[in-house]
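Novice: One-letter residues, chain by chain:
Protein chains: 2
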Amino acid sequence: MLATVRWLIFGSPLPTSAEAHQRLGKLKALAVFSSDALSSVAYSTEEMLLVLLAAGSAGREVLVPISLAIASLLAIVAVSYRQTIHGYPSGGGAYIVAHDNLGKWPGLIAAAALLTGYVLTVAVSITAGVAAISSALPALGPYRVEMCVLATTLVAWANLRGAKESGTVFSIPTYGFIITLMTLVVVGLYRSISGRLVPLPAGSQGNVVGPTEALGSVLILRAFASGCAALTGVEAISNGIPAFEKPEAKNAGQTLVAMVILLASMFLGISFLAHGLAVTPVEGETVVSQIGRQLFGTGPLYLLLQAMTALILILAANTSFADFPRLSAILARDGYLPRQFKRLGDRLVFSNGIIALAVLSAVLIIIFGGQTHSLIPLYAVGVFLSFTLSQTGMVRHWQRVRGGGWRYKAVVNGVGACATGMVSLVVLGTKFARGAWVVAVVIPLVVLWFDAIRRHYGNVADELSLEGMVPVAWHDADTEERRKVIVPLSGVHRASLAALHFARSLSADVKAVIVDVDPKDTGAVLEKWRTWGRDVPLVVLESPYRSTIGPLLQYLDEQDQRDPDRGLAVVVLPEFVCARWWHHLLHNQWALLVRSALTYRYGRSGEGRVIVGVPYFLGK
Amino acid sequence: MLATVRWLIFGSPLPTSAEAHQRLGKLKALAVFSSDALSSVAYSTEEMLLVLLAAGSAGREVLVPISLAIASLLAIVAVSYRQTIHGYPSGGGAYIVAHDNLGKWPGLIAAAALLTGYVLTVAVSITAGVAAISSALPALGPYRVEMCVLATTLVAWANLRGAKESGTVFSIPTYGFIITLMTLVVVGLYRSISGRLVPLPAGSQGNVVGPTEALGSVLILRAFASGCAALTGVEAISNGIPAFEKPEAKNAGQTLVAMVILLASMFLGISFLAHGLAVTPVEGETVVSQIGRQLFGTGPLYLLLQAMTALILILAANTSFADFPRLSAILARDGYLPRQFKRLGDRLVFSNGIIALAVLSAVLIIIFGGQTHSLIPLYAVGVFLSFTLSQTGMVRHWQRVRGGGWRYKAVVNGVGACATGMVSLVVLGTKFARGAWVVAVVIPLVVLWFDAIRRHYGNVADELSLEGMVPVAWHDADTEERRKVIVPLSGVHRASLAALHFARSLSADVKAVIVDVDPKDTGAVLEKWRTWGRDVPLVVLESPYRSTIGPLLQYLDEQDQRDPDRGLAVVVLPEFVCARWWHHLLHNQWALLVRSALTYRYGRSGEGRVIVGVPYFLGK
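Chains as they are written, first to last, in our numbering: chain A, 2 to 621; chain B, 2 to 621.
Isolated chain A (complex conformation) (with noise of 0.2 angstroms):
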């Protein structure tokens, strides 16, 4: 029953043979890698025009101009990620980029930065999208987070069940809003060459500020810091290159182009609209909400586009889920990261991955109840540091790797590690106190906590090691003959008999043991002794202090003890099994606890105890 469940909610497991043909087409590749990406225009224009407006309506004059310099920036980061996509044509994230060519610790900070940015992109993206459903139907307003928690567990639950399908799964909303987006800025466009795009009236959108602060550089850097939440997520196809169809570099480098082309488009076209229209951001209605009414009215074409941004907000998070799993299989295998990250689930996708970072974002989201506006100082800082590092990275690697024209492909990747470099400390700078402190906090103990993972298992494998050891002979008869085994009992039933016979199978040196807690079931063991034990003694143990524990440890060091040649007893524990879990409650569990105290006695010596364990079933 269970193994149908799951195969209702996850679908039949994949054979690992298939795992070659669980590949994506450029249009799938685009519809699962760029709703991060794209998905920003429904939020960045806004935050520019949140800050811009503290100057009063002077401040919308620079939204263009601010707008183009990011689109300029976009362009850099894509010719500069474009390289490291030939570069790397086997996934080359900020992570191996940094790691390889710069060393352990800047790759270790990139992978922290990821890791992080990929948790808050899921943030973002579902309570934005979610705040874009509740402020259309109000009613669902108090019930946001839950709301956030369920998308996030439908977004996990469509990743777990395959790679494939999750591409199906994407592309309606991706080109949906793709289209209803890019016919909005037609529309814009060919009323403003025609003359009839005229600005709202002042005041018809609710409550005008007045201007709080001078439109100084401070406050176009905030705003600028504030739009490069548009950049977010362009690293995603140079991630997942191992996803795409063969020749795959190519493929990859292709869907970054167009991604690129139709993010600087949608967004300079919503810009330069809520500059022609006087946009002004109210509380309870988006920016590319009021363009939308203005330009489509509220028929079914207005309807259309909030539903498809508020689609590919909340999948957005997609990308993150393509992604993180595939970021931390790889630091698995380098040993930074739990090993239960590399393994592949029933339907080949790293399903321990994808679980980890649904939880993560949940708690995020619980945390800062649901509100995106929080979520967003916090944003851009990882992401940003991660494009520096790897484009350092490709600098370096240009230099070592050479080829031809090489020299100019390092200028390229300098001028874009330059340009994220400086981006970085303004947003850092601007948004410190706001949150981004946060992640400044979390990405350095993320490092550390990646080494410790490192160096555990690098002193696993060296104590572990048959490194200088020489192979010796098995274990000869006569050793097996001169075995100590003990049996403790608790009483001389059906299971205590099966330990026996298989003990004294293992030596003739076979003592059972029972602690003497009640002189009167100790009698009663006593009195069946004389019939079931035959040759093997029973030994008594004195507890003074009731402890069913205790006595026997002391008993076994002594054994141990007496003859340390014949090295330590072997325990065979009698168990007996119930047939429900429950039935367990009901009885001592004192072989568990033998169990369990005999396996931590000798932790300190290095030595181990061979327990053996003799289940004996109970039927009913």
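Among the hints, a few may not be true.
Repeated chains share a single entry, so a pair holds when one copy, or any two copies, can fit it.
Derived DSS-like pairs: lysine-lysine, alpha-carbon spacing no greater than 27 angstroms straight-line [stated by the list, open to error]:
id, residue 1, residue 2
1, K512, K485
2, K529, K27
3, K529, K343
4, K512, K247
5, K105, K343
6, K521, K247
7, K27, K512
8, K105, K512
9, K251, K485
10, K521, K343
Don't read these hints as lab results, they were simulated from the structure. Since this is a predicted model, take the numbers as computed values, not measurements.
Given the coordinates of chain A, work out where chain B should sit on it, guided by the hints.
Specialist: Using the frame of chain A, we list chain B on its own:
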């Protein structure tokens, strides 16, 4: 360090040989067993008045007659229970008496009634005590539930330290309460005789509500049912006879008589004074407090009375903490409760019973928000049900045992049974809708639970029984030679080598098995096997769906079927034990998964797979 903390909190462990000395003298026994009964003086008169004043101040006129009726009932119950103590000197609680004389089911009903009664005693006493404190110090009001839970924990802690010490801890408040309350009664009687006991002016104590009901028989019965709370706790001594110094029965009988005389005097005295002073219960001040303030003024004597009342109310819970664990241990001995309840802890007390009572009553307190009045209707039903069953049992007892004056004794207990039986019906009838139905539901469920546990233990005993079995020879060397041994591996390292060496010492027929999930890992194992495997064959199992357990289980099944007369193959598992528990989170826990899968594998057929764990300890 853990041992030091344990010692600081609970004291040194006591050897079993110290058990006989942990007995209570009569004075200490009165303190331990009577606080429940005596403390009811603090609220039973008030509960009656609250019902009666629905008929206006005329209701107060029947207060003293009803109190006399309750005092007569108390005398009947006491005489009846004194006979029980002498009939059952080894501790004759209602469970034992009903079980012995009326059979299993009445015994279980009595046991369920007693256990629920003990839980309610703790909840009612603690909440009433905390309410007394928080009405004196209103600032503590909002923390009522927290204070109740804290008080429950403190009483449980005192009991976990051991019986003797709890006698010492609780003597001061019990005797302090008896002395101050008797002083109050004597002062009041003196004033009454000297004609200086004048009624308080109407309305001086707050709003007196006009009559809403006629003073009929229903109202009087309801007041009587409320006042019967005064009888709860009378049975405590007869349950706890084994805790008395020798001669136990004589000492217990004398203590019972002393307790009942004290209880009747104080109860009647308070009712007489409440009538004489025409006290009206008000929100925020108890009836006893009003009487005390009138007779003692607001000086130190009044404050002492209040403090002692609050203390004895909280400590009344202690009666249950003495009896609940003892009854649980008896029920566990008879197989009606999990065995864990009969285990004596470090300090020679039934620690599990104490902890269970503390948890159950804390849950009840939290559910009812720390409100005494909500708990009162649940309270008396169980108590009177157990009185009735116990005394009916005693009638049968005398009929069976006979002996001198048995007819007289049977009549005494018969009168007691009839009286308490009728009171049970009155209490259930008048309080059913107000909460008594909860108890009427819980008691049958607990009885069914007792029976299910008993049946489980019976089944286990039958299945493990050696009855009818014939001793067979130990396995001989031949069997041993022909034993099949399987060693599942995840790699070739020191831990797996240790397991292999042990496996080879068990049999010459050893096969190592590896599940091929990652061809690269498998290749490395095969490579190393040339050096280290020698004559042991290594079987590589295909795993198209990447499961590490499934192919192994299938292989074991095949091995078992191939050669069934050689029995199930023995599995030897290499297990490495990390130095820190959290290091285990970094490993796949494959050995643990294999162990669990194998343990439950043969549950249906009753055969058990012997599993040998060969641990290898990691130092760092």
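Novice: It remains to establish, for every hint, whether it holds in the given structure.
Specialist: Right, here's what the structure says about each hint:
1. Proximity of K512 to K485 under the C-alpha cut-off of 27 angstroms is found in both arrangements, the shortest distances being 8 angstroms within a copy and 25 angstroms between copies.
2. Proximity of K529 to K27 under the C-alpha cut-off of 27 angstroms is found in neither arrangement, the shortest distances being 77 angstroms within a copy and 43 angstroms between copies.
3. In this assembly of identical chains, the alpha carbons of K529 and K343 lie at most 27 angstroms apart only when taken from different copies (23 angstroms versus 54 angstroms within one copy).
4. Taking the closest pair of Cα atoms, K512 and K247 never come within 27 angstroms of each other, the shortest separation being 67 angstroms inside a single copy and 43 angstroms across copies.
5. For the homomeric pair K105 and K343, the shortest alpha-carbon distance inside one copy (20 angstroms) is at most 27 angstroms, but the shortest distance between copies (59 angstroms) is not.
6. Within a single copy, K521 and K247 get their C-alpha atoms only as close as 77 angstroms, which misses the 27 angstroms cut-off; across copies the closest is 23 angstroms, which meets it.
7. Within a single copy, K27 and K512 get their C-alpha atoms no closer than 71 angstroms, and across copies no closer than 49 angstroms, so neither meets the 27 angstroms cut-off.
8. When the C-alpha separation of K105 and K512 is checked against a cutoff of 27 angstroms, the pair qualifies neither within a copy, at 56 angstroms, nor between copies, at 42 angstroms.
9. Neither within a single protomer nor between protomers do K251 and K485 lie at most 27 angstroms apart by alpha-carbon distance, with minima of 68 angstroms and 56 angstroms respectively.
10. In the homo-oligomer, the alpha carbons of K521 and K343 lie at most 27 angstroms apart only across protomers (14 angstroms), although the nearest pairing inside one protomer, at 56 angstroms, exceeds that limit.
Going down the numbered hints, you'll see the structure goes against 2, 4, 7, 8 and 9, while the others check out.
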